[in-house]
Amino acid sequence: MKREFPLLITAGVGLFMILSFFVPHEIVSVPADFLQQCAIIVVAFGYVLGGANVLKLNADQVYRRTPGWPYKLVLVASLIATVAIGLVEGRGFLNPGMRSKWIYDNLYAPMSATMFAMLAFYIASAAFRAFRIRTVEAGLLAAAALIVMLGRVPIGHVLTSWLPAPLQLPAVQDWVMEVPQNAAKRAILIGAALGVMATGLRVILGIERSYLSGKD
Amino acid sequence: MTKFLETLDRRWIFLAMGLLVLLPLMFPLSLPLTVSPRVRAFEAAIARIPDGSTVLMSCDYDPAGIPEMVPMTQTALRQLFDKNCKVVVTCLWNGGPGLVDNVVRGVAAEKHKQDGVDFVNLGFKEGREAVMVLMGQGIANAFPRDYQGRESRSLPIMLHVRDYSSFPLLVNISAGYPGVKEWVQQVQGRFHLPMVAGCTAVSAPEFYPYLQSGQLLGLLGGMAGAAEYEKLRNEKGSATRGMDAQSLAHVFVAICILLGNWVQWRKRREGGS
Numbered sequence: 017m018k019r020e021f022p023l024l025i026t027a028g029v030g031l032f033m034i035l036s037f038f039v040p041h042e043i044v045s046v047p048a049d050f051l052q053q054c055a056i057i058v059v060a061f062g063y064v065l066g067g068a069n070v071l072k073l074n075a076d077q078v079y080r081r082t083p084g085w086p087y088k089l090v091l092v093a094s095l096i097a098t099v100a101i102g103l104v105e106g107r108g109f110l111n112p113g114m115r116s117k118w119i120y121d122n123l124y125a126p127m128s129a130t131m132f133a134m135l136a137f138y139i140a141s142a143a144f145r146a147f148r149i150r151t152v153e154a155g156l157l158a159a160a161a162l163i164v165m166l167g168r169v170p171i172g173h174v175l176t177s178w179l180p181a182p183l184q185l186p187a188v189q190d191w192v193m194e195v196p197q198n199a200a201k202r203a204i205l206i207g208a209a210l211g212v213m214a215t216g217l218r219v220i221l222g223i224e225r226s227y228l229s230g231k232d
Numbered sequence: 004m005t006k007f008l009e010t011l012d013r014r015w016i017f018l019a020m021g022l023l024v025l026l027p028l029m030f031p032l033s034l035p036l037t038v039s040p041r042v043r044a045f046e047a048a049i050a051r052i053p054d055g056s057t058v059l060m061s062c063d064y065d066p067a068g069i070p071e072m073v074p075m076t077q078t079a080l081r082q083l084f085d086k087n088c089k090v091v092v093t094c095l096w097n098g099g100p101g102l103v104d105n106v107v108r109g110v111a112a113e114k115h116k117q118d119g120v121d122f123v124n125l126g127f128k129e130g131r132e133a134v135m136v137l138m139g140q141g142i143a144n145a146f147p148r149d150y151q152g153r154e155s156r157s158l159p160i161m162l163h164v165r166d167y168s169s170f171p172l173l174v175n176i177s178a179g180y181p182g183v184k185e186w187v188q189q190v191q192g193r194f195h196l197p198m199v200a201g202c203t204a205v206s207a208p209e210f211y212p213y214l215q216s217g218q219l220l221g222l223l224g225g226m227a228g229a230a231e232y233e234k235l236r237n238e239k240g241s242a243t244r245g246m247d248a249q250s251l252a253h254v255f256v257a258i259c260i261l262l263g264n265w266v267q268w269r270k271r272r273e274g275g276s
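Chains S and R, in that order, are what the protein sequence lines are.
Numbering (my numbering) for the first sequence: 17 to 232.
Numbering (my numbering) for the second sequence: 4 to 276.
Treat the hints with care, since some could be wrong.
Said to hold, decoys possible - Pairs of lysine-lysine, BS3-like flavour, derived with a Cα cap of 30 Å:
#1 S/K117 to R/K114
#2 S/K117 to R/K6
#3 S/K88 to S/K72
To be verified - Derived contacts from chain R toward chain S, CB cut-off under 7 Å, selection only:
#4 R14
#5 W15
#6 I16
#7 F17
#8 M20
#9 T37
#10 A47
#11 P66
#12 I69
#13 A133
#14 G152
#15 P208
#16 V256
#17 N264
It is worth saying that the hints were derived from the structure and are not from the lab.
For each residue, glycine too, the CB sits at the ideal point set by N, CA and C.
Produce the entire structure from the sequences given, and follow the hints as far as they go.
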C-alpha cells in the first residue's frame, strides 16, 4: 500500500491533466487549475528547501575549515544578509530606493553579467587549444562553425562582398541554418518529444517508479 | 613559429580578445548591417497588430543576458509604445525581474507611458510551464499582484485582460529555459496565440523549425538579431554598437581555430618525418 497509493495518485492526476488538455469544461478545468496552483506552491517551497540546504552544507564546511572555506563563508554571509534585508524591507523589497534593489542592481547583476562575459575569453582559448580537426566529421563541423560564425556578423558580408550574392558568407550561413541545421534540429525535436511522451506514459502507468524511492 | 604558438601563454589570447572587444566599442568601425528575413518578419508581426491593443511580453532572462536580451526588449517596447499598445510584462526567471523592471521603466519613461495604465510589470512567478498554462485560465489568477505589490485586477490596464484570448500577440524575449520552446509548446500550440520571439545567438538554431512551421512569426537571434531590428527601426542602440566588437571577436575565434589546428598539423608532420 505504501507504494501502490502514490502510484495510484500519480496515474490519476496524470490522466486527469491529459484530459484537461482536451476538455475545457469547468468540471475538468477548475480542478485542473487547482492542481496547477498546487504545483506552483510546491515549487515555491522548493526555494526554501534549496536555500536551507545551501546554508546547511556551506555552514558545515566553514565550521570544519574544508579547503576553500573562506569562499563558502562569503556565500553564507551574503545569503543571510540578502534574505535578512529582504525580510526587513517586506513587500516591495525590490522597489526603487530599497536596499534589496541596490544589492540586485550593484552586486548581483554586474557579477552575473561578468561571469557570462568571461566566456568570450575561455572560448577563444579553447578554440586555440582544444578544437582539433582530426576526422572528416570534425572538419565538416569546423567548416560549418566558421561559416556561421563569420556569416552571422557584419564582417562576413564585408569579407565576401566581392563574390556573387549567393556565395557571400551571410547567404551561405543562411542556407546552412535553414536547410541542414533545420533538418537535424527537427529530427532531434521529434525524437525528444517522443521520448518525453514515452517517459510520461511510463510514469502514469507505474512502469517508471524511480521517483518513489530512487529504485526502479 | 610553431614552437612559439605551441607554448603561447593563454593570457596573450585573453589580452587580444579583451582588446578586440574593447577597441571597437571605443572607436566604432560602423560595419554595414544587413537585415535578415526573420528580423523583418518580427518587426512586421508587431506592425500588423491593431494600434492600441494590449500585448503580452514575457522577458525570461537574467543579467547574464543583458547584451543580447536588453536591446531587443527595448526596441520591441519602443515599437509597441509607438503603436500606443499597452504592454503586460511577465518574467519566469528568478534572477530577472529587477532587470526587466529597470528596462521596462526606462523605455516607458522615454515614451511618457504611465505605469498601470499603459504598461504593467507583473513580475516573477515560479512554476515555469505550470505558470504558462495557469495564465491560460486567467492572467490575474497566475499573477494576483504585480511587481509593486498592487492588486493586478485593480489596475486599469488589466480591466480588459482576461486570459490569452485578450492578446493579439505574445512577444517572448528569452535566454534559455523556460523560454521560447516552452511558450511555443504550452501557449502557442495550446491556446493558438500568435507569437514572435527573441533569443540568444546560441539557442536560435533550436527555434528555426518553429519559424518554418509558422508557430513563430519572427525571430531575433542574439545581438546580431537585435542590431538588425534596431537598424530596421532606425535606432542606434547598444546592439548596433556591439556588433563591431562581436565581428572582431568572431574573426579572432576563427583565427584561433585555424591557427591551433595548423600548429597541430605541423607538429604531426614534424613528428612523422
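For each hint, the structure was consulted:
no., hint, verdict
1, S/K117 to R/K114, "holds (24 Å)"
2, S/K117 to R/K6, "violated (52 Å)"
3, S/K88 to S/K72, "holds (11 Å)"
4, R14, "violated (9 Å)"
5, W15, "violated (10 Å)"
6, I16, "holds (5 Å)"
7, F17, "holds (5 Å)"
8, M20, "holds (5 Å)"
9, T37, "holds (6 Å)"
10, A47, "violated (18 Å)"
11, P66, "holds (4 Å)"
12, I69, "holds (5 Å)"
13, A133, "holds (5 Å)"
14, G152, "holds (5 Å)"
15, P208, "holds (5 Å)"
16, V256, "holds (5 Å)"
17, N264, "holds (5 Å)"
In terms of the numbered hints stated before, the structure departs from hints 2, 4, 5, 10, listed from lowest to highest.
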